[in-house]
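**Student:** Residue-level listing of the chains:
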Amino acid sequence: MFQEEGIVVTGPVVNLPTAGAGGSRVVFTIPVLVGQLVGVKSVKIKKVILFNNAAGNTSVLIGNGAVGVGIPVLLPALTSMNGLEDIYDNLPEVESFANITAWPAALVAGGSIDIQLQVIVRG
Amino acid sequence: MPDLYIFKTQVGMFDPVALQNHNVCIHYVQKSYYRKVDFLEGIPAFQCIDITAGAGLAALMVTGRVNVTNLEMADNEFGLWRWYPIDDAQVRLYHPTGIAKYQLRNLQVPVDMNIVLRDPNLVSTEIAVWQNNRPGVEAINGHAFALGAVRLIAIGYRFHSVDLESGKNADPMLVKAIKEGKAPCTDIWCSGRGTGD
Numbered sequence: 682m683f684q685e686e687g688i689v690v691t692g693p694v695v696n697l698p699t700a701g702a703g704g705s706r707v708v709f710t711i712p713v714l715v716g717q718l719v720g721v722k723s724v725k726i727k728k729v730i731l732f733n734n735a736a737g738n739t740s741v742l743i744g745n746g747a748v749g750v751g752i753p754v755l756l757p758a759l760t761s762m763n764g765l766e767d768i769y770d771n772l773p774e775v776e777s778f779a780n781i782t783a784w785p786a787a788l789v790a791g792g793s794i795d796i797q798l799q800v801i802v803r804g
Numbered sequence: 644m645p646d647l648y649i650f651k652t653q654v655g656m657f658d659p660v661a662l663q664n665h666n667v668c669i670h671y672v673q674k675s676y677y678r679k680v681d682f683l684e685g686i687p688a689f690q691c692i693d694i695t696a697g698a699g700l701a702a703l704m705v706t707g708r709v710n711v712t713n714l715e716m717a718d719n720e721f722g723l724w725r726w727y728p729i730d731d732a733q734v735r736l737y738h739p740t741g742i743a744k745y746q747l748r749n750l751q752v753p754v755d756m757n758i759v760l761r762d763p764n765l766v767s768t769e770i771a772v773w774q775n776n777r778p779g780v781e782a783i784n785g786h787a788f789a790l791g792a793v794r795l796i797a798i799g800y801r802f803h804s805v806d807l808e809s810g811k812n813a814d815p816m817l818v819k820a821i822k823e824g825k826a827p828c829t830d831i832w833c834s835g836r837g838t839g840d
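Read top to bottom, the protein sequences are chains X and G. Under our numbering, think of the first position of the first sequence as 682, with each following residue one higher. Under our numbering, think of the first position of the second sequence as 644, with each following residue one higher.
Hint data in this document are derived by calculation from the structure and do not stem from the laboratory. Note that this is a predicted model, so its numbers are computed, not measured. Beta carbons: idealized from backbone N, C-alpha and C, even for Gly. Worth double-checking, as some hints may not be accurate.
[Claimed, not checked] Selected chain G positions facing chain X (in silico; Cβ < 8 Å): (1) 729; (2) 731; (3) 757; (4) 760; (5) 785; (6) 786; (7) 787; (8) 788.
[To be verified] Which chain X residues stay away from chain G? Per the calculated CB distances, all over 12 Å, these: (9) 691; (10) 698; (11) 728; (12) 730; (13) 742; (14) 765; (15) 780; (16) 792.
[Unchecked claim] SDA-like, lysine to any residue: derived pairs with alpha carbons at most 20 Å apart: (17) X:722 to X:778; (18) X:725 to G:705; (19) X:725 to G:648; (20) X:727 to G:705; (21) X:722 to G:663; (22) X:722 to G:788; (23) X:722 to G:705; (24) X:722 to G:719; (25) X:727 to G:756.
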């Protein structure tokens, strides 16, 4: 019987204070230790939790480009409602071999988004 | 001849490597000891070590080599163990502490949490421990964050045995028959082996 292979790992809570792809930050780092026995690892995003710190109604994008670049996007934009928590589960099992980054599409001045990912690490 | 041998497994099962009155040959590094089992019991799964000794393991760090003293056995006893980590580190096993286990020519294969998915019976992790000749482990944290602990769970069997080569249970004729292949005996490797020798 096939069983999905991988280890569920929760990433840190990361604050996103800057709108646009230029404000993208790493929200989950793929485990790797150069020179050790790890081999190649990848992650699938399992769950996303957003908390909107007076940032206005906006959306958050998740990609795996470099910090400050963000692109390419891995998932459709996830809505974040002003002052509320949004939880996204049952996401498409998009696999990434690079660190996951995220950035808000827009922010009210002084507002920010807190984001936390739960991923399946494979490899 | 009982149908028992090291690494024996069936789905969801872990068989003892020997039963009451079975002959065994304990191999430890280059030594061999001929013995007979006179007691055995199962050992339920238990947490045998936190490799970090409660200190946790910082991001991208490797621990020093730590002896797993909880897998030691008393005199005249050997243990048969299968094991897996419950924290997301890779673990390298040494048995005894100076000899790499799971050693290939170019790689010492580590064990991580995926083992319970890839090898649910844990057959590939099986080791035997002769008396106090315990294994050692190292943990590798590949994550960008610290791990609070690196804990290992072990499950297995405890065997008490008597010496067939000397003492009150000595049986030179039986040992001779075993060595000539005329009497049944199960070989049990209680250490790793250096490659290339």
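**Student:** For every hint, state whether the structure bears it out.
**Tutor:** Against the structure, the hints:
1. 729: 11 Å, violated
2. 731: With a closest approach of 5 Å, the residue 731 of chain G hint holds.
3. 757: 6 Å, holds
4. 760: 5 Å, holds
5. 785: 4 Å, holds
6. 786: 4 Å, holds
7. 787: 3 Å, holds
8. 788: 6 Å, holds
9. 691: 10 Å, violated
10. 698: 20 Å, holds
11. 728: The claim stands: residue 728 of chain X keeps its Cβ more than 12 Å from every Cβ of chain G (closest is about 17 Å).
12. 730: 17 Å, holds
13. 742: 21 Å, holds
14. 765: 27 Å, holds
15. 780: Nearest chain G Cβ is 8 Å from residue 780 of chain X, so the label is violated.
16. 792: Label holds. Min Cβ-Cβ 26 Å, cutoff 12 Å.
17. X:722 to X:778: Distance of about 7 Å is within 20 Å: holds.
18. X:725 to G:705: 26 Å, violated
19. X:725 to G:648: 40 Å, violated
20. X:727 to G:705: 28 Å, violated
21. X:722 to G:663: 46 Å, violated
22. X:722 to G:788: Cα-Cα ~16 Å, so holds.
23. X:722 to G:705: 18 Å, holds
24. X:722 to G:719: 44 Å, violated
25. X:727 to G:756: 18 Å, holds
Hints 1, 9, 15, 18, 19, 20, 21, 24 from the list above are not met by this structure, while the remaining hints are.
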